[in-house]
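Participant: Sequence:
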Amino acid sequence: MPPPDMRGLDSVFFAIHILGGHIGLPILVATFLFSKTAKRHPTVINFCVTWILYSIIYCLLIYGGGNLLDDPPYELCLAQAAMNYAAPPMAVIAGLEVVIQIWSTFWEPWKEAQLARIPGWLKMVAIISPPYLTFIAFAISGAYVGHQNPHWVQVKTGLYCGLMYGRFQMFAVPIFCSIFLVLIIMLEVATALRYYRGRQIIKKEFPLADAKKPSLSPLCRAALFLVYASLTLGVCIMDLQQNQSVFAYMVQAALPLAAFLIFGLQKDVALAWFYWNRKPRWDPEEKVRTSSESRGSRTLSIVSGMTIEFTTAIATYPSSMV
92 MPPPDMRGLD
102 SVFFAIHILG
112 GHIGLPILVA
122 TFLFSKTAKR
132 HPTVINFCVT
142 WILYSIIYCL
152 LIYGGGNLLD
162 DPPYELCLAQ
172 AAMNYAAPPM
182 AVIAGLEVVI
192 QIWSTFWEPW
202 KEAQLARIPG
212 WLKMVAIISP
222 PYLTFIAFAI
232 SGAYVGHQNP
242 HWVQVKTGLY
252 CGLMYGRFQM
262 FAVPIFCSIF
272 LVLIIMLEVA
282 TALRYYRGRQ
292 IIKKEFPLAD
302 AKKPSLSPLC
312 RAALFLVYAS
322 LTLGVCIMDL
332 QQNQSVFAYM
342 VQAALPLAAF
352 LIFGLQKDVA
362 LAWFYWNRKP
372 RWDPEEKVRT
382 SSESRGSRTL
392 SIVSGMTIEF
402 TTAIATYPSS
412 MV
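Residue numbers (our numbering): 92 to 413.
Please note that a few of the clues may not be correct.
[Stated by the list, open to error] Derived DSS-like pairs: lysine-lysine, alpha-carbon spacing no greater than 30 Å straight-line: (1) LYS358 <-> LYS127; (2) LYS294 <-> LYS214; (3) LYS214 <-> LYS127.
[What the hints assert, rightly or not] Quick list of simulated restraints, FRET-style, between CB atoms: (4) ASP162 <-> LEU284: 51 to 59 Å; (5) MET215 <-> PHE338: 45 to 53 Å; (6) SER232 <-> PRO298: 55 to 63 Å; (7) LEU284 <-> PRO241: 48 to 56 Å.
By construction, these hints were calculated from the structure, which means they are not laboratory data. From a predicted model like this one, the values you see are computed outputs, not experimental measurements. Just so you know, even glycine gets a beta-carbon here, dropped at the ideal spot from N, CA and C.
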């Protein structure tokens, strides 16, 4: 079944891509990198970067105006077609890394101590590289298939270039993405169950403890991320069934915008945007101050500093991971 002609919806399709992948996510990444209070783990930043690249790839033809959409050069069309099929697997692997990082916050301390022995640069390479290695592998495969079958490389749906025929575009990418999206959903559910069981154990072992109710903000973000993964899985299944509906293509276009909304609509991010030049109530990097006036003041200073640093670590990573 041929894909639908979406030329009448080109303005909507590209506007969604630009809002999410060209405006929203770059601002969000810059916030994570330069803000002192809205820090995020590298897996989250890398996840946002992959969706920026995803959006840029799908918008390549509009950078040259309407002429490219009507009759793009073969070399450019082949390059976009290859990268189009490499971008979704790249983003899925980046999403899996985010979920694995969330899961790792429940590991026992001795396991984290073992990971601490690994050099920092090596851990950073291991975190950042998998999505892009996946992208390179699929892009090379797509370019090879397109080069061997030039008549397959066409403007798909009237919006971007793709491989119109062949098993590669029909099965390889949707099956790969579906497998890892199922794994992401399973890890999300397992993390929620482990979190719930942990709270139940605390209530049982320490019945007199004044346990605060968990914040709804991270739970809502986790739920949204689960819905996000489920929608993406649904699109992959529709691809496998060759259900070429306009809705599926619009969902694909909205994925970068959805990523921006999930990670951008958070209190610390909003505060960083609206109060960028205002000094925060506390500085996460501020050292513990000691006073020589009295022993009591020194003790108060150390305890306060430790409390701030401990609270910062929790607020920066586990609760803001998703």
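Participant: Next, verify each hint and record whether it holds.
Facilitator: Evaluated hints:
1. Taking the CA atoms of LYS358 and LYS127, the gap is about 14 Å. The hint holds against a cut of 30 Å.
2. The straight-line distance between the Cα atoms of LYS294 and LYS214 is roughly 36 Å, outside the 30 Å bound, and the hint therefore fails.
3. Our distance criterion of 30 Å between C-alpha atoms is met by LYS214 and LYS127, whose separation comes to about 23 Å.
4. For ASP162 paired with LEU284, a C-beta distance near 54 Å keeps the hint of 51 to 59 Å intact.
5. The beta-carbon spacing between MET215 and PHE338, approximately 39 Å, falls outside the hinted interval of 45 to 53 Å.
6. Checked against the hint of 55 to 63 Å, the C-beta distance between SER232 and PRO298 comes to roughly 58 Å, which is consistent with it.
7. The hinted window of 48 to 56 Å between LEU284 and PRO241 holds, with their beta carbons roughly 51 Å apart.
When each numbered hint is compared with the structure, violations occur for hints 2 and 5.
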